[in-house]
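> Spelled out, the chains give:
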Amino acid sequence: MMVTDFYALVGVGLFVMGLSALILRKRDLQRILGLNIMGTGVFMVLVTSALGQGQPADPVPHAMVLTGIVVAVSATAFALALSLARERHK
Amino acid sequence: MPRLIERFLPALTGTGAIALGALIAAALLRTPENDGVMARAALEALPDSGVGNPVTAVLLNFRAFDTLLEVAVLLLTLVAVWALDLRLPRTEALPASPVFSSLLRVSGPLLVVIAGYLLWVGASEPGGAFQAGAVLAGGCLLLRLAGRWNPGARFVRWAASTGLLVFLLSAVAMPALTGGLLQYPPALAGMWILLIETAATVSIAAILTALFVAREPEEPRP
Chain A
1 MMVTDFYALV GVGLFVMGLS ALILRKRDLQ RILGLNIMGT GVFMVLVTSA LGQGQPADPV
61 PHAMVLTGIV VAVSATAFAL ALSLARERHK
Chain B
91 MPRLIERFLP ALTGTGAIAL GALIAAALLR TPENDGVMAR AALEALPDSG VGNPVTAVLL
151 NFRAFDTLLE VAVLLLTLVA VWALDLRLPR TEALPASPVF SSLLRVSGPL LVVIAGYLLW
211 VGASEPGGAF QAGAVLAGGC LLLRLAGRWN PGARFVRWAA STGLLVFLLS AVAMPALTGG
271 LLQYPPALAG MWILLIETAA TVSIAAILTA LFVAREPEEP RP
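So the sequences go chain by chain: A and B. Note that our numbering numbers the first sequence so that position 4 is 4, with each residue one more than the last. Each number in our numbering corresponds to the 1-based position in the second sequence with 90 added.
Isolated chain B (complex conformation) (with noise of 0.2 Å):
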């Protein structure tokens, strides 16, 4: 019996996706276009929100909660990886040649001012901590392959959690403040979500380059 299925596994599965398939495509035509209330609401509360990207709004003002999740998830996700304990080899340091040093020397510096640049403009434009985490730690794998970086256990830790720890204190923070978990007061939203969103970079990249890393930092010896 489980030959059969086997046998006739790729057809049905086939079958079966394309009939899925078309189900979900006749119900998404069928779903009414968006209303744009939740656009609508977005974009009224926008001016109180301390930033003008309506999408920066919704994810560090409006719903921040879904985002400090978020970051709680990456860093879960580090500390699950180095729990498996691969035991990887170390990461080798990839051969020294004349184009990789001077494309290294080029783009570190250009990738961090990238980066800067996408946090800072994604108070109004599209950008913000996730892009500019993505950027930052690609400049870090670089410099990692390049064996010119190899930071201790210590930084690697604090680097990851330092997002999940400011937003964590800013959400306790703001009951006292003004009443309601993370709402921000109006005048000092902006800074506040830079602020956020400053730590969020920093652990952002850290988290990224130690999942492509996978092996757990050493400890110094003491």
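In isolation and in its complexed conformation, chain A is listed as follows (with noise of 0.2 Å):
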């Protein structure tokens, strides 16, 4: 098993653990976190997947992970607006 393998695996650990949060869970806060953990899991699988055997590591997925880090965390701030507006119109 190469070290990539171990990373991925991690990955999809904590994509399960953040989704079992995101059904469990009751709190807004909790499951907003709940899903910031799955994707964390979901770029670690993402960023592995660039290296190969004897070659380079590949620039694309690195970059989607780039880009996925800044929609989430924009998202992340959404969706706390969101649940604080919730509690407001309670």
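Honestly, I wouldn't trust all of these hints.
What the hints assert, rightly or not - Some residues of chain B that are not near chain A, with every Cβ distance over 10 Å (derived): (1) GLY126; (2) LEU194; (3) GLU309.
Said to hold, decoys possible - Where chain B lies over chain A, by a calculated footprint (3+ residues, C-beta under 8 Å): (4) 13-27; (5) 49-61; (6) 73-81.
In short, the hints are calculated from the structure, not lab data. Backbone N, C-alpha and C define an ideal beta-carbon position, used for all residues, glycine too.
Hints given; two lone chains; assemble the complex.
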């Protein structure tokens, strides 16, 4: 097993943990955190997919992850704002 | 019935999640390794891209359309958060303390320099607009929390939209210059990329800071 396989498996573990939190937790903040952990798992898998044997790292997945991080940050900000708005209107 | 589901939900979710994880892991381990077709294509075209860092080349040249949409998504998020009209209390400045103000004195200028360096180095090494924007946003937040800087509505709006505007302008200008959408003239590609990245850095910093504050800045009274 290559070390990149290990990272990919950790990514899968994070994804699954985030998914469970998303389903089981009741509070918005915990669900948003779960969603973020899921995203981090996906990013880890994507980053490891860049490497193949005996060749330079593929920049395309790396660029995708960079884009993904920024979109995840803004989605998190919007989700937090929505959750706050919901609290206000209760 | 719903109570029954409620009771078994943790066990059900746990089993389902472990099964899903095993399935994904099995699929991942069977996936053939990256054959490097994209990597080779990107590295071969690198000399024409105007930058030496393959990730920057992908982000701002080969797949610049993705990045354009990403900057648009960021701006859209800010507009959406402002539209929610959260009526948050005004962000209070943290109480002045000697430690905080000396931290600010040292780290404020340093963060600006680091952001500029990251932006510049993105052309050849890991770095670029997003990293620089994030660092700059950290500096802006420090200033904001110290109560030293409270920019008006017009400034925040312009700063937040500069990146998308410059990106869109170059997208519109390129078909006239080279005949392709976001296809830069090879000799000037580096300059265009730096221009777009600089504007994007300002916007990313402004948007991240504004998202943290979450309260739409007030119009100046006439």
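> Give a verdict on every hint.
Consistency of the hints with the structure:
1. Consistency note on B/GLY126: stated as away from chain A, yet its beta-carbon is not over 10 Å from all of that chain's, at 4 Å minimum.
2. For B/LEU194, the condition that its CB be more than 10 Å from all CB atoms of chain A holds, with the nearest at approximately 24 Å.
3. Consistency note on B/GLU309: stated as away from chain A, and its beta-carbon is indeed over 10 Å from all of that chain's, at 21 Å minimum.
4. For the region 13-27 of chain A, the stated coverage by chain B is satisfied: 8 residues place a CB nearer than 8 Å to a CB of that chain, which reaches the threshold of 3.
5. By the rule of at least three residues with a Cβ nearer than 8 Å to a Cβ of chain B, the coverage given for the region 49-61 of chain A holds, with 11 such residues.
6. Coverage of a stretch by a chain is defined here by at least three residues with a beta carbon nearer than 8 Å to that chain's beta carbons; for the region 73-81 of chain A and chain B the count is 6, and the condition holds.
Hint violations for this structure: number 1 only, all remaining hints satisfied.
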